[in-house]
Structures are given as C-alpha cells and as structure tokens.
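Undergrad: Keeping the supplied structure of chain A fixed, place chain B upon it in accordance with the hints.
Chains A and B supply the protein sequences, listed in that same order.
When the letters of the first sequence are read in order and numbered with my numbering, they come out as residues 17 to 290.
When the letters of the second sequence are read in order and numbered with my numbering, they come out as residues 17 to 290.
Just so you know, these hints were derived from the structure itself, not from any lab.
Just to be clear, a hint being listed does not mean it is correct.
Copies of the same chain are indistinguishable here, so a pair counts whether it falls within one copy or spans any two.
To be verified - Here are the simulated DMTMM-like cross-link-like pairs (lysine to aspartate or glutamate), alpha carbons at most 25 Å apart as the crow flies: (1) 139 / 88; (2) 194 / 100; (3) 89 / 136; (4) 226 / 167; (5) 245 / 100.
Values in this document were obtained by computation on a predicted structure and should not be read as measured data.
Number of protein chains: 2
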Amino acid sequence: MRILLQLTYNGANFQGFQIQNEGRTVQYELERILKRMHRDFVRIHPSSRTDKGVHALCQYVHFDTHLNLTADKWQHAFNSALPDDIYVTAVRQIPEDFHSRYHCIGKAYRYKIYQAPYRDVMKTGIETYYPHDLNLELMNEAAQAFLGTHDFTSFCSAKTEIENKERTIYSFQVDKTKDGYDFHVIGSGFLYNMVRIMVQHLMDIGQGKKNAADIPAIIAARDRTAAGKTAPAEGLYLEKIYLTVEELAQDIPPGTKIITKNNRKALTTDPGML
Amino acid sequence: MRILLQLTYNGANFQGFQIQNEGRTVQYELERILKRMHRDFVRIHPSSRTDKGVHALCQYVHFDTHLNLTADKWQHAFNSALPDDIYVTAVRQIPEDFHSRYHCIGKAYRYKIYQAPYRDVMKTGIETYYPHDLNLELMNEAAQAFLGTHDFTSFCSAKTEIENKERTIYSFQVDKTKDGYDFHVIGSGFLYNMVRIMVQHLMDIGQGKKNAADIPAIIAARDRTAAGKTAPAEGLYLEKIYLTVEELAQDIPPGTKIITKNNRKALTTDPGML
Chain A
17 MRILLQLTYN GANFQGFQIQ NEGRTVQYEL ERILKRMHRD FVRIHPSSRT DKGVHALCQY
77 VHFDTHLNLT ADKWQHAFNS ALPDDIYVTA VRQIPEDFHS RYHCIGKAYR YKIYQAPYRD
137 VMKTGIETYY PHDLNLELMN EAAQAFLGTH DFTSFCSAKT EIENKERTIY SFQVDKTKDG
197 YDFHVIGSGF LYNMVRIMVQ HLMDIGQGKK NAADIPAIIA ARDRTAAGKT APAEGLYLEK
257 IYLTVEELAQ DIPPGTKIIT KNNRKALTTD PGML
Chain B
17 MRILLQLTYN GANFQGFQIQ NEGRTVQYEL ERILKRMHRD FVRIHPSSRT DKGVHALCQY
77 VHFDTHLNLT ADKWQHAFNS ALPDDIYVTA VRQIPEDFHS RYHCIGKAYR YKIYQAPYRD
137 VMKTGIETYY PHDLNLELMN EAAQAFLGTH DFTSFCSAKT EIENKERTIY SFQVDKTKDG
197 YDFHVIGSGF LYNMVRIMVQ HLMDIGQGKK NAADIPAIIA ARDRTAAGKT APAEGLYLEK
257 IYLTVEELAQ DIPPGTKIIT KNNRKALTTD PGML
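Pulled out of the complex, with its shape left as it was, chain A reads as follows:
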C-alpha cells in the first residue's frame, strides 16, 4: 500500500531535501527510519526537493510498504525517531496511482526578511537580514508582472537542467510584517532558485535599484544575467503544496485558470478522503 506523509522541517542544518554525498539531508533521515522498520531499503518520493537551507512548513512524501500500520502508529514511529528539526504532521493511506510529485499542481512559497539595526543572531538560518528601506507599493506593483504563464529562464539558476522552463504564477503579494517583509508567491511550480531570484529582484526594485517596468523585457530576454542576484536560502519557506484543484482554487483569485501539468488529471478530492 502507498502512504503519504505530510511533514515540516527547519532547513538550517540540512544540506537540502535530497541525499548528497556529504551532510545531513531530510531524505536520509526518513529513509533511515523506513529501513529500520522494513529491514530493507524503502525509497521515498517528495513533492518538492528543497535546496540547502530552505525550510518546509508543508512538504509531502510518499512511499510503498507492506507494513499494515494505522496512521497514528506511522506518525509515532517517525516522530519518536526523527531529529528535532523534522516533524511528521499527518499520515494518510493513498491510492497506488497517486504520486506526490506528479499530482502536485501548485506550490506556495514564503520569503521572510527582517530589518534591524544589526543582525539578530537568534534569526540566523531562519530569516534573511536586510537593513535597507524598501518601498512596499513598488514591490507589489512589480510582483504583478510575474503573474501568468511565462518562460522563466531569466529567473532561474543558469545550472537549471530541466528543458521546459514555462511556469505559471497565480499570485504574488508582498506584506509588511512587524519587523520586515513577507513575500508570498503561488505558482504551478518553480524552477531552480526561481523564488529566490524573483524575491531579490523585487527587493532591488523596492530599494530603487531596478525598475518595475523592466520585468516583461527581462522575462522576454530569457537570459539569467538580465535579472537580479539570488536571495539567501535562509529566508525561504515552502509553505503549502497543492495536491487538489479545490485546495489551490481557494488560495488564488477566483476564476483563475489552473494548469495541471504532465496532462495528468489532478485529483479533485483530498487524497486523504479516498
């Protein structure tokens, strides 16, 4: 049977989600527990492979198992063995044709920056320090230029290996917080470093270093060097993963056309209900 885990992790002390040659990874921690339980290797499949230092408030992974445990027992088995910076928030059995990556039809990311007279050591690794003043209105105006379906070559790492760089942005909002700004973006999917490059570009605009009006031309250039630098990983949170059209429709402007990728039919009901 196929099991879906919903989990959260603090990325500060991980080399990212995916197993690397060296360093702690989220995948390693989960597969280590599964291996002990099954006395055999069990592969997990995430909805998203977050980078080094990136946090997840909501991530999904699925795996196949012959063990017949209740959701509560699975959750306890993981949480009692996981380190303090990963926590399994929910467990459900799902249909065997459900895939956490292929059935993901959208993701929401949040990017947190704080302003202060000097770096706050207690926020190290979990928020980005940015001392400069930013123009909120300019950033929000500029963010709207990303909406819709575009080839985001200019806004992803030059190392991106994937061929199809077309993605759809459903909403992009910058909010003032108590001591800084939150950038909140929802899209069909995001390329390597894409959120961090868009955020840094908006911060440059908010600081008056770049013009909001230039974004369409920068997108059209399909050239990484046309856009701004890459904001640090520590402020980035994978906030939500959309596995159903209903969930996604609730969080984006009414009437927005939802793209379901790979021509797969997206689930129309919560997989936990199946």
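TA: Quick look at chain B alone, frame taken from chain A:
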C-alpha cells in the same frame, strides 16, 4: 591596552563558550580572529562560560592587545569575520585592572518555553517545547522561595567542582507570553546547571507534580537528588551581565543589598565611561 567586547550569540550550533576538544565554540571563533590580527595567540576572558546550546543576548569578554584601533574598527574586524551566529554589539577600552569575570557582580537569565499542539521545528534549538498546562501563580509563589543567599548544592549539577556553593538570588519572576512562559531570574552568580534545575523544578510545581512549600527543605538538604531534573539547554538565554552596582540596582527591587564577590570593589561607574 585592555579591550572589552559586548557580544551576543545563538548557542544552538555551539558546544558552549569554552574551547573543547571537538566542535564549534564561541571562544575559538573569537581567538581565531585575534590570532590572525596579532599573528600571535591572544587569550580572551569571558564574564560567563555558557554551556552547550545556551544562548547569550549579552556576554562580555576582555583581552589585552598592543594594537591601537578605534572601537568601530575593532567591531568591524570581528563582525566581518565572525560566523552568522555571533555578533559583537559594542567595544570599549577599559582599565587594565578591570576583569570581565571578577568584576561581574550579577547576571540575569531568561528561560523560554512554548506550548503548542506539536513541536515547532522553527523553534528547535532556540526555545523549549513543553506541551503541559502550567499554573502561573503557583510558579511565581514558588520562585520567591529561591530569593536571598543560600547554599544551592541541591540546585546545581552533582558535577559542580567549585567549593563555595553559596549564591544570592535577587529576583525571580515567571511571565506568561503569547504562546508559553518566560522565567526571568537575576542573581549574584549561578552554579553549573543551576538556572535549568530551578526552572525545571518550577515547571514541575506548575504542573502540580511538586509542592512550592518544599523548596526551603530542598535547599536545606544540600542534595542534588532532592530537586527536579535539568531543563534542556535550548530555552536558556544569558540575558544581561551586571558590571556595575548601578546597572544591577536598576533591575532588582529597591533597597536590595547587593553582594560584591571576592571582596573586590565592584565598579561604581560604567567601564565604558572610564
């Protein structure tokens, strides 16, 4: 000349202040920078040697140097070379007979716990998770039993090597926060694990597992096993270090007699003003 640094650090990824055989320490990070600047080893002396995992909102260290730099240049030299989890907040030249440890006449610690349906991975290492309900009034009533000068053998690690276990507690207050409790204690000094054992004991009282009325007898027992366990390091913050009688007098109830240890005359003015 003698230089005093005021610094702050996030203890989550340190093996404590003092250099150990293995692992990152705050002392190592500071002495590494001084060695590079002096092309020679320069020893630093802290006001307090915080344990593994304990944070400092305010710590002092002093060192002697033949380099003639302004306070700004010293601060920049450190902050541009220190890792993100240490920050030098102020630098002053001080008299050569001033010693950051011997002239410390008091310390304030804060202990932070949060309550939630489950562990918050973003608070890992920086606050202690405690899901149980606590009685604030009972904890505050019990905390008053620690005030005054006592032999704190029952409330320090059995591994404490120091002979004289007499310390003076000037104030002890428990506050309700947005999502938990803050324990705030000011004393002449604290023994090994002393704050963490007192806090855990108060938490046990707040949960109805121990009685406030028993504290005087537990102190009198001079036996570590008479008191509660040791609360985790991650919630503990060295919040303030008092180098002058004036500073300490401001933070404790008016008229409280201040003990100056080692018969040394405590500074009566801010050392930065000398």
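Undergrad: Now, for every hint given, state plainly whether the structure supports it.
TA: Hints, verified against the model:
no. : hint      : in the structure
1   : 139 / 88  : between (33 Å within a copy, 24 Å between copies)
2   : 194 / 100 : between (27 Å within a copy, 22 Å between copies)
3   : 89 / 136  : between (39 Å within a copy, 20 Å between copies)
4   : 226 / 167 : within (21 Å within a copy, 64 Å between copies)
5   : 245 / 100 : between (32 Å within a copy, 20 Å between copies)
Comparing the model with each numbered hint stated earlier shows that all of them hold.
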